[in-house]
Amino acid sequence: MNVVRRHARDLAVVESPGRLALLDLTRLEAPPVVLEGSAVAIWAAIDGERDGAEICRHLARTYGMAPEQVRADVADCLTTLASLGLLTTRSRGK
Amino acid sequence: MTLQISEAVLLGHALADRAARDAGIRALLIKGPGLTVQGLRGEHESSDVDLLVDPGERDRFVEVMGGHGWVPGPVSTAPTILPKHSRTIRHQAWPIEMDVHDRFPGFLADPQDVFEVLWERRTTVPLAGVDVTTCDPVSHAAVVALHHLRDPARGSSGPALAALATDLRSVVGDDGLAELSALATRTRSDRTLAAFLELVGAPAPEPGAAPEGDVAEWELRTASTGSEPWLVELSRQPWRRRPAAIWHAVWLSDEEIDAFHTSPLDRGSRARVRLRRLRRGLRQLPAALRRLAGRRLGRGSRG
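Residue numbers (the numbering used here), protein chains in the order written: chain X, 1 to 94; chain R, 1 to 303.
One chain only, chain R, in its complex shape (with noise of 0.2 Å):
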């Protein structure tokens, strides 16, 4: 008999915890239907578990995992604007993969320092029959908001972001908002988050203090099309390492293609991938270049 996702997505949950529990490691579950619990959200199939761990845990969490059975899965080396902030793990004999976070791209605050915020304010829900350690309602709104925030071009986030404003102002009242003001400022959010605080009638944050580098980050990874990353990714190369970053954009490992496939593609295939991406990539250069230029960005190469 299948495991269905569904089902898969509430035991991933269940299971999650208790090995992080079981190894002493801090994990908050985030996203998915533990949300539908705190009544952010309405029924909704998730697809995967997420999960923020205690940044400095992080890889240890994945080695517990690996002990039962969860694997990582190929590790991209295509450049991102903001840091990497997850690895995803995958099991045989489960449909569903686990993304466990060490940071959450848009609070820009030190990760453990964000972590820590939140894990002061956790709580539990019950999913599978079991009580599941998450964030609480606030905060999980403020994770929720910049996960939308990210990729605002897609279709769903402006919608999304309206619905959880709505269910968020019926949970928590004005005291949360009240206190997600405080938590975008604790977390140096309060610029990336602005968008949602103003459409949730939240009082205006005090500054945080975000680092303009970061800040600038963030918004061009807002406004990316796709080719941003590479730009920004060969604007920190060497020069003498330009010509091999550009080739790389093109052309990927096989593995990091497969990965974007259910199954790995024949050599017509892959060629026929990197020619789209190829095409593509000139499109959309003239505008990243429009948008990359005159901007001061932050921290550098992040693994």
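Next up, chain X with everything else stripped away, as it sits in the complex (with noise of 0.2 Å):
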């Protein structure tokens, strides 16, 4: 079973050159997030049908790396993400 992620549904998003603030109006106490540099794209290459691995693989292909090198940057932020409550996650079967 892989896990595949998408956007959060219920979010506000502001789009700027290389920046992306984001409000999840589902807890609207919580402060808004701001997204810079490889984190932009890594939210863009979240599509609601990529695993982990296979954002990895997009992202490296894209950027000319090896999917090693830009593994750790994507778990963390994957994570960093889920936990602000701005993804949701569906397993996969293979």
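Hint data in this document are derived by calculation from the structure and do not stem from the laboratory.
In this text, a Cβ means the ideal position worked out from N, Cα and C, and glycines have one as well.
So these bits of chain X aren't anywhere near chain R, every CB distance computed over 10 Å:
#1 63
#2 65
#3 79
#4 91
To be clear about the criterion: a stretch of chain X counts as covered by chain R if any three or more of its residues have a C-beta under 8 Å from a C-beta of chain R, and this derived list gives those stretches:
#5 8–19
#6 27–41
Each of the two chains sits in its own frame; use the hints to bring them together as a complex.
So this is what it looks like as structure tokens:
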């Protein structure tokens, strides 16, 4: 079973070059979250279809790197985004 | 990573709109980036969020926002010629404030009646990827025009009003301008909006029957330089309270003085601020007395 991530549905999002500002509208007491740099690329790669490994391969291919070079950053970022309630997950059978 | 003001303003609109909806409170996000979306203003960086809340629910909305960490700022006791119309709330994690209005100056009908008219015409605009409730372009233009007309001495007001007139004509056409006139009558803003109605080429409105005293207060407010509110407040006080009112006009509380600065002042700085206030007040006094002479003002002291 692989875990597929998607963006939480109820977000307010402000995009600007190289930045994303996000607000979880189901937790209005939580401060907004700002993503910059590689976190923006990781966010964009989360499409509701890819699992973690596929996100790594997608980013590595896009930026001309080896998947293992991005793996740790992607894992950290996905964990953080999920802990902030900005992602939902579902299991996908292989 | 720091939240930028432009980001905070857009997210703040989404937040306020959602908080109101979740609590079952009617609220219209006014001014700000919604105007740009509606074609009533060019690109312009707002620095706060303004919303007009169902007047009967304004305090409850402030309480609801308190539950989300937004707390009221210091309440100014400085007198105003027009009724106080908003409460400012702040959050330590946000670089902006929200002004929560229960009325908008210049609409001289009862605030609840005004809100019902504006609410009936409401629409939504997409901000931060969310549909946010706001005034329709006709009512929104009236709100913004009154905002500019309230401070005609501010250098930007004239050009902003002219630009608004041009934008409104192209967005709503002749039918919309007729609606603007009708709205002015219903909200008793036909006289306060008169200059804008003429500028935009709207048909002459039916008289809205605004009380003369309220119109006089508006005219005084739009001509005032700063001293008139204190003089008006003074005239509303019984004689025995006037010495204390004069003292307060000069002195203010430490919190009120600090509220105009980004961080609390020390004693010396506050003393200098008070001295400047006194000098400015004395300088403006003769002209203020001339403008006040002979006017009959409206409903008296209001909170």
